Amino acid sequence: MEHSDLEGHIAEGQQLPAQAMAPLRGSLTAAQEELSRQPIDERVYAALKVAGSRQGEPLDLRRSVGTLFDTVFMARNDNPNHVRLPHLVTRDGFENYFYKSLSEPQSWR
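Under the UniProt record's numbering, the first residue of the sequence shown carries the number 1, and numbering increases by one thereafter.
These are computed hints drawn from the structure, not numbers from a lab.
This one's a predicted model, so the numbers in the text were calculated from it and none came from an experiment.
Just so you know, even glycine gets a beta-carbon here, dropped at the ideal spot from N, CA and C.
Keep in mind that the hints are not guaranteed to be accurate.
Label-pair ranges, simulated between beta-carbon atoms [to be verified]:
#, residue 1, residue 2, range
1, H9, K100, 24 to 30 angstroms
2, R37, T71, 49 to 55 angstroms
3, R54, E7, 25 to 31 angstroms
4, N77, E57, 19 to 25 angstroms
5, D92, E42, 24 to 30 angstroms
6, R63, F98, 22 to 28 angstroms
7, R91, A18, 18 to 24 angstroms
8, L24, F73, 50 to 56 angstroms
9, G66, S27, 28 to 34 angstroms
10, E7, L68, 55 to 61 angstroms
11, L24, R62, 45 to 51 angstroms
12, E95, S53, 14 to 20 angstroms
13, D5, S64, 41 to 47 angstroms
Can you make the complete structure from the sequences, with help from the hints?
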């Protein structure tokens, strides 16, 4: 709620925002308490896992490297999944998601 102005409107005495928030107060408090009990490393991992599934397509090394792939790399069991990297661990994923998220420490609290 720190990124919305509802609390500010409520502090000013406006009734509509107070009425809108009333049913959510218990749920938000319970969720915040539950999250505060979870260790930060688990919260970060969970957030990265969710973000990884929502980011762009995985990087297919075989397709990206091209015809020299077999000269440079050897895939285990020639399984195509062993040569794909989640978008989050690519340069674009790092710079456009992970790095930005690290600069917002409140998102990990």
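Now for the hints, and whether the structure bears them out:
1. H9 <-> K100: 24 to 30 angstroms: holds (29 angstroms)
2. R37 <-> T71: 49 to 55 angstroms: holds (51 angstroms)
3. R54 <-> E7: 25 to 31 angstroms: Holds, at about 28 angstroms.
4. N77 <-> E57: 19 to 25 angstroms: holds (23 angstroms)
5. D92 <-> E42: 24 to 30 angstroms: holds (26 angstroms)
6. R63 <-> F98: 22 to 28 angstroms: Distance hint for R63, F98 holds at roughly 23 angstroms.
7. R91 <-> A18: 18 to 24 angstroms: violated (46 angstroms)
8. L24 <-> F73: 50 to 56 angstroms: This hint holds: roughly 51 angstroms between Cβ atoms.
9. G66 <-> S27: 28 to 34 angstroms: violated (52 angstroms)
10. E7 <-> L68: 55 to 61 angstroms: holds (57 angstroms)
11. L24 <-> R62: 45 to 51 angstroms: About 48 angstroms separates the Cβ atoms of L24 and R62, which means 45 to 51 angstroms holds.
12. E95 <-> S53: 14 to 20 angstroms: 19 angstroms Cβ-Cβ, so the 14 to 20 angstroms window holds.
13. D5 <-> S64: 41 to 47 angstroms: Holds, since D5 and S64 (Cβ atoms, about 45 angstroms apart) stay within the stated range.
Checked against the numbered hints given earlier, this structure breaks hints 7 and 9; the rest are met.
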